[in-house]
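*Asks:* Spelled out, the chains give:
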Amino acid sequence: MTELTQQQFFEQLSQAVVDQDETLAEKIATIIVRNGLDCAKAIETGLGGGMAKVGQLYETGEYFIPDLLVCADTVQNAAAILRTGLLQNPLSKGRVVLGTIFGDTHDIGKNIVALFLNSAGYEVLDLGKDVSAHLFVDEAVKWNADIIAVSTLMTTTMKNIKEVIDLLVAENKRNRFRVMVGGKPISHDFATKIKADGYANNAVQAVKLLDDTISKLRRNER
Amino acid sequence: MNPMKYCVAETHEKYDFVLEISAPFSAAAQAENGLAFYKRLQQEKSVVQKELEYIATNLIIEINTALPQIISIADPYANPVTLSETHIREFSLPYLFQLLSGLKTTSGGVIHLCPYSSFSLEKYGFVHVELVPFPDKPYMSVLSEYAQMKQLVFIGHQCIHTPTVNKIFLLHISNGVL
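Here the protein sequences line up with chains Y and H, keeping their order.
First residue of the first sequence: 260, per this note's numbering; consecutive thereafter.
First residue of the second sequence: -5, per this note's numbering; consecutive thereafter.
A couple of the hints might just be wrong.
Under the rule of at most 25 Å between Cα atoms (straight-line distance), these lysine to any residue pairs were calculated in the SDA-like manner [claimed, not checked]:
| no. | chain 1 | residue 1 | chain 2 | residue 2 |
| --- | --- | --- | --- | --- |
| 1 | Y | Lys300 | Y | Ile473 |
| 2 | Y | Lys432 | Y | Lys452 |
| 3 | H | Lys39 | Y | Tyr317 |
| 4 | Y | Lys467 | Y | Leu374 |
| 5 | H | Lys39 | Y | Gln274 |
| 6 | H | Lys39 | Y | Glu285 |
| 7 | Y | Lys388 | H | Asn27 |
| 8 | Y | Lys388 | H | Leu29 |
| 9 | Y | Lys443 | Y | Gln315 |
| 10 | Y | Lys418 | H | Gln152 |
| 11 | Y | Lys286 | H | Ala30 |
| 12 | Y | Lys452 | Y | Asp366 |
| 13 | Y | Lys443 | Y | Asp425 |
Here are some chain Y residues pointing at chain H (derived, C-beta under 8 Å) [said to hold, decoys possible]:
| no. | residue |
| --- | --- |
| 14 | Asp326 |
| 15 | Leu328 |
| 16 | Val329 |
| 17 | Asp332 |
| 18 | Ile367 |
| 19 | Asn370 |
Derived by calculation from the structure, the hints in this document are not laboratory data.
Here the structure is a predicted model, which is why all the values come from computation and not from measurement.
We put the beta carbon where it would ideally sit given N, CA and C, even for glycine.
Start from the sequences and build out the full structure, keeping to the hints where you can.
*Replies:* Spelled out as structure tokens, the structure:
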């Protein structure tokens, strides 16, 4: 081990994520595990901090989806190594049932959101595309999800998202789940109109929205 | 992996004389799994470009062998929300342009381009645009009229699902200088 401090290792790990350097990130993660450094902190500040910077770069138009994907992969591979050094399994931040609403077969954006939520520490059940309102609700109940996340790319299928919320109300399950919506034609106004609990317009915003929502949920549970 | 089978997606949902085709970039993305393909843009640039050239070359042969009345070409995986301008200029437009330039026919026909692609082609000088106004008409009937002409016509800047239009944008192939 070099003379680097623990904090310096975390900073290097963070930078490796930003630089999309999978090999270096895995190497640093291995050193952290072998030297008995704080792996939980490495995941939180090294990988999490790196991903936060990547999110900023995306929002300022310096990074695009291909960059984000390589960064997310870098995080997942390094996290897999760091988890071997944890004394106990890390707690999931929350459970998300995700899919593209029925009538719509576009899934690129939804897949990116799934990958990002996963990298951010959420358990994600991806129902795929052209998903019925019943499947969203049934799987959320079966899987004991916290969040139902529904996307669409088309204006013609936007209205179908409301059916998920209507079904939750009809089955008296509305309060069990937070419903998040997203996709190109969706707006904050539309989310409010259909009485969704939140709206995000990209994968980075989706992670922020869920972090915020879940922390409020957990506070209310106490 | 056979990207060619992803190029010719299907006939249009309402009009069986319209063949919907994925441009080389999107065909490659669909063949592989979109996310893995996007990653390779960062990691294997020259390999990806060779694959795209292969797809474009073979797609030209397929289309020139049996040119349908109207072909609708879209490149949904190469949109400016997902990719940077550099990505689009390096991986999408050159191969879409290669495809368009290679199409030859003596029996007319229409090549309709998704607006995302046609605006990008115009922006980077691959095509120049001629606007033709007229009174309101169903878009598909306008496309059908153009398909009856003796020469191949390129049309873009409006979605093929637009019900009624009062103008059409003819695309003329330029030299395509990047």
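*Asks:* Determine for every hint whether it applies to the structure shown.
*Replies:* Going through the hints against the structure:
1. Y:Lys300 x Y:Ile473: holds, 20 Å
2. Y:Lys432 x Y:Lys452: holds, 19 Å
3. H:Lys39 x Y:Tyr317: holds, 21 Å
4. Y:Lys467 x Y:Leu374: Satisfied, since the Cα-Cα distance of roughly 14 Å is no more than 25 Å.
5. H:Lys39 x Y:Gln274: holds, 23 Å
6. H:Lys39 x Y:Glu285: holds, 23 Å
7. Y:Lys388 x H:Asn27: holds, 14 Å
8. Y:Lys388 x H:Leu29: holds, 15 Å
9. Y:Lys443 x Y:Gln315: Roughly 20 Å between the alpha carbons, so the hint for Lys443 (chain Y) and Gln315 (chain Y) holds.
10. Y:Lys418 x H:Gln152: This hinted pair holds, its Cα atoms lying about 24 Å apart.
11. Y:Lys286 x H:Ala30: Given that 25 Å is the threshold and the Cα spacing comes to 23 Å, the pair holds.
12. Y:Lys452 x Y:Asp366: holds, 24 Å
13. Y:Lys443 x Y:Asp425: Given pair Lys443 (chain Y), Asp425 (chain Y) holds - Cα atoms ~22 Å apart, limit 25 Å.
14. Asp326: holds, 7 Å
15. Leu328: Check passed: Cβ of Leu328 (chain Y) comes within 5 Å of chain H, closer than 8 Å.
16. Val329: Constraint on Val329 (chain Y) satisfied, holds at 5 Å.
17. Asp332: holds, 7 Å
18. Ile367: Since chain H brings a Cβ to about 5 Å from Ile367 (chain Y), closer than 8 Å, the hint holds.
19. Asn370: holds, 6 Å
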